[in-house]
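Given the structure of chain A, go ahead and fit chain B with the ligand onto it with the hints provided.
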Amino acid sequence: MDFLSPDTWAGALAAKAARPEAVPVMGGTDVMVELNLGRRRPHALLDLTRVPELARWGAEDGYTRVGAGVSYTRLVERVGSRAPALAAAARSVASPQIRNRGSVGGNLGGASPAGDCHPPLLAAGALVELASAAGVRRVPASEFYLGPGRTVRREDELVAAVLVPEPRGPQVFAKVGPRNAMVIAVVSFALALDVAARRAGTGIGSAGPTPLRARAAEEFLAREFDWAGGADPSPEAARRFGDLVAGAARPIDDVRGSAAYRRHALAVLARRAWARCAAEVRGGGV
Amino acid sequence: MTPGPAPTAPAAPPPSAPGSAPPAGERAAEPAGGGVGDSPPRPDGTLKVTGEFAYSSDLWAENMLWGMTLRSPHPHARIVRVDTAPALRLPGVHAVLTHEDVPGEPRYGLEVRDQPVLAAETVRYRGEPVAVVAADHPETARRALERIVVDYEVLEPVCDARRAAFDPDCPLVHPPGSVPLRPEHNPRGNVLRHQPIRTGDLARGRTVADLRERADVVVTGSYEVGMQDQACLGPESGLAVPAEDGGVDLYVATQWLHADQRQIAPCLGLPPELVRVTLAGVGGAFGAREDLSMQVHACLLALRTGRPVKIVYNREESFYGHVHRHPAHLRFEHGAAADGRLLYAALEIVLDGGAYASTTPAVVGVAASLGLGPYEIPHAAVDAYGVYTTNPPCGAMRGFGAVQACFGYESQMDRLAEALDMDPVEVRLRNAVGRGSVLPTGQRIDAPLPMAEMLERARALPMPPPPEAAPGRVDPLALPGGAGGAGVGASVVRGVGYGVGLKNLCFSEGFDDHSTARVRLEVVGGVPVALVHTAAAEVGQGLVTLQEQIARTELGVRRVALHPADTSVGSAGSSSASRQSHMTGGAVKAACEAVRARVVALARARGLLAGEGGGAVGGADGGVRLAADCLVPPGGAAPVPLAEVLGDAVVEETREFRHRPTSPLDPVTGQGSSHAQLGMCVHRAVVDVDVELGLVRVVALDAVQEVGRALHPRQLVGQIHGGATQGLGLALMEEVQVADGVIRNPSFTDYLIPTVLDVPPMRVEVLEHADPQAPYGLRGAGEPPTLSATPAVVAAVRAATGRPLTRVPLRPEDIALP
Ligand SMILES: Cc1cc2nc3c(=O)[nH]c(=O)nc-3n(C[C@H](O)[C@H](O)[C@H](O)COP(=O)(O)OP(=O)(O)OC[C@H]3O[C@@H](n4cnc5c(N)ncnc54)[C@H](O)[C@@H]3O)c2cc1C
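Those protein sequence lines, which keep their order, are chains A and B.
Per the UniProt record's numbering, the very first residue in the first sequence carries number 1; after that it's consecutive.
Per the UniProt record's numbering, the very first residue in the second sequence carries number 1; after that it's consecutive.
If we strip away everything but chain A, and leave its shape as in the complex, we get:
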């Protein structure tokens, strides 16, 4: 097995162009597990940990740019309020040790339907920046995912960064699992509100072949939400919103939970998300 370890971004892109089959490794919290269990025997690993650009973050034209290699710990500590739902998701990932290594880029590279970053990126309307030796493109998160582990990223491309629009309203993320920490989501849900534009974004995790948006639910909430006062939704509205979110999911029965439970829990998470966002609007904490 070859171990490629470029120390510049250009070098990394050149290496990927020359060896498109090389498997990128950032935190290694997915890659190393797969290697250890013999699920993968790549001919080459492309180590990205020495590329300084990937570990950077900062403001960029109304977005917060988060390098693909920014660790969850950094994300929580430094990016925090600039991308609240993503930071909340990062906080819920694994354990401190894994959060010190794991990255958004790795989550997008693996593209597990259970990955915690995806729902907030969908809900916030983030862009994924893909780069290759041939050029750079930005793909909306909602167009990025194709199937379990499959995305629009070409083999010669790397994830460079995600660009998260600056928050313009409350954002929440929550996930459900039978353990109180260190658990892969049975389902997860993110909600991001744009108070000025009176728009809502949603993201559903672990309840379909890809992370999903619940567009009908977004439209419903946009109509029904008390944008001015942040009043709690009526029980009927909350229930309807929950049903619409659950209805957008395409869950299966697996070791982590049943499809029926996933739909049920999503509806609960959705109702709670609305209530929490409403409370934030009421509290003026935006």
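Be a bit skeptical, because a hint or two may be false.
[Stated by the list, open to error] Partial pick of chain B residues on the chain A-facing surface, computed with a CB cut under 8 Å:
| id | residue |
| --- | --- |
| 1 | N314 |
| 2 | L693 |
| 3 | R697 |
| 4 | R811 |
These aren't lab readings, by the way, just hints derived from the structure by calculation.
Being a predicted model, the structure only gives us computed values, none of them experimental.
Note that CB positions come from ideal geometry on N, CA and C, so glycine has one too.
The following block gives chain B with the ligand in isolation, referenced to the frame of chain A:
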């Protein structure tokens, strides 16, 4: 213990491990105190917490090869053809072995010799070893496995334990007569043991229907216990080193060195003395290491290749490579009078043993004899079955049959309380056993067992503060769901539940249970040093500390060293059944007493003890004590330094220790005093439940346990915390999910064990009513809390939700879905 130099290895270079500890003999124990009743630090503690302790997976030897195992992809299949030639052609591959290469006994087993070293005609569980390879690199070995061709003809799997037990048309896992089952276990079809018990009127021809009529209230329940895993962090691993005398030295993480030796040697076609086994660093056991895993395979490969062979399972393989806790199907019926007094119980217990027997017969014996729990019930009919299926083999795990039964009887006690509108503690008090009570096997409880006091104490423990009901956001870590951030205070309901568990300690049913210790006292560098040598496996429980403490107390020396545990001394029995403090502790004590007697005699012979006549040592060594490295004569005479008494003499004694004999259970009536000792723990659980999402946070899990005598209070409490945590895990998350004979979650991503955020602070009250039968009056403590924690947590969740919750582990959907 770390693997030190191999004292018995004739030629082979001793294996070493990076960062291994200095040889045991060089390490001195804590200077001051540190006797029985103190809490000295563990001798291996610092190494373990600093990551320098050498586990069996760290073993290494010059010129070593790596062994790997080819496993069956099918739960049940006939092997049509095996072709190893393509694997052998791979450069770097030194051996590929199948069942044809096993020189001795083709099968082994702890209780029943039914498990093939390598499958021959049939595979009976997914993951069963079919071939093993040795290669110069693990990656080469892995590639070699891919090149072994095995053609299978898939057979119908036998996945349903109840069907295996009761359906005469169910396919048989083992052809009739092909496995040496014991007739007194009532084997039949796929049933490898059926243990009935009949007492009272149910032994005198009356039926359950008769008794039902006499009861004021009857509660019935069907319960299920999922397959729990021991979840040892250290995978199965070891190193086999071929010796010039034709034998082999095996360094391995195990629970019972001599049981390994006894099973390995016949398979290799070697006499036991040529199979020398030394304990390597054990990364958790809990029963998973009672059965053989890679032992015979590594030895076969080492003997074939003439080179040391190391085998380390990976995590997924580990899930297939060791036995699990028996899943159980329980059908319980209890009848009681209106005042809560139990009248009768009728229990059916079906335990899924999987493909091979392992310890299933003994697990059945425990489940049957303790199926009624710690309650006085005059009329009882118990039928416990252990069956063969083509599911993963099940065997020993902390609690061993009593865990499953306990979930059943405690659930029933709560149902009874509900039916009578009575407090759950009150129902238990009305029926509680105590000293003098008779178990359904006819065995009288002859040691103190203050169950009523324990229940009262548990009930009186202070309650945690109420849940944070604040309308705003509370710290999500304080809510069910924890770090996922899903919780809201408004959906949280609190519940409280109790559980009581009764566990046999030490081996039961007539087994010749014993342990051996060799203790040597000599002067090293001017100070007396005791060297303790046993074959007892330190599996994390802290037996190494206890052995040192006992030697300090009995010999009055400050310095105690431990010899590596190996088979050059007699058997210590297994580190299981909560037995080692009692058994090996007893053996070390006995050997120390013998050494002490000789030291006193020596002092007399050397004229260092004035007055007392003869050489004979009186009852308590003639009133002579050993303390602070000195011999203290009776009557206030000046102490004599032991260094002076001993001079150049080396005093060494070896002793065997046995607990009192036990009896088998009658195969028809189930009568017999089958247990040596009993332990009990009472738990009170307090939980917060997010009733909408079905998520649980255990807020408190407090225990009252009777231990006879706390030899090392800090380690003891650690055992109770750990045992309770494993019980909590079974209640809420731990399950090896098996579908059609295939494990669906063989990883720690999906086999969930409690994290620090799932385990509450635990208050533990320890009662010490000495058991006159046991050394220092002690009782083993490792298992009882594992029994009681599970039903206590489930009862608390029931109290919060009103749901029946008859299956563990609970799933969120059991609580949340209508
Ligand atoms: C104990 C444990 C707990 C976990 N818990 C969670 C959890 O709660 N939630 C969760 O979502 N995940 C969890 N994970 C999975 C993992 O930590 C995350 O997916 C993490 O985001 C991966 O990041 P990484 O940098 O370690 O990725 P790596 O392991 O380095 O890479 C992951 C994948 O992405 C690819 N990749 C990495 N960087 C790039 C890039 N720049 N461009 C293109 N492809 C790239 C790799 O080739 C690989 O396919 C857990 C893992 C472990 C071991």
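Ascending list of hint numbers which this structure does not respect = none
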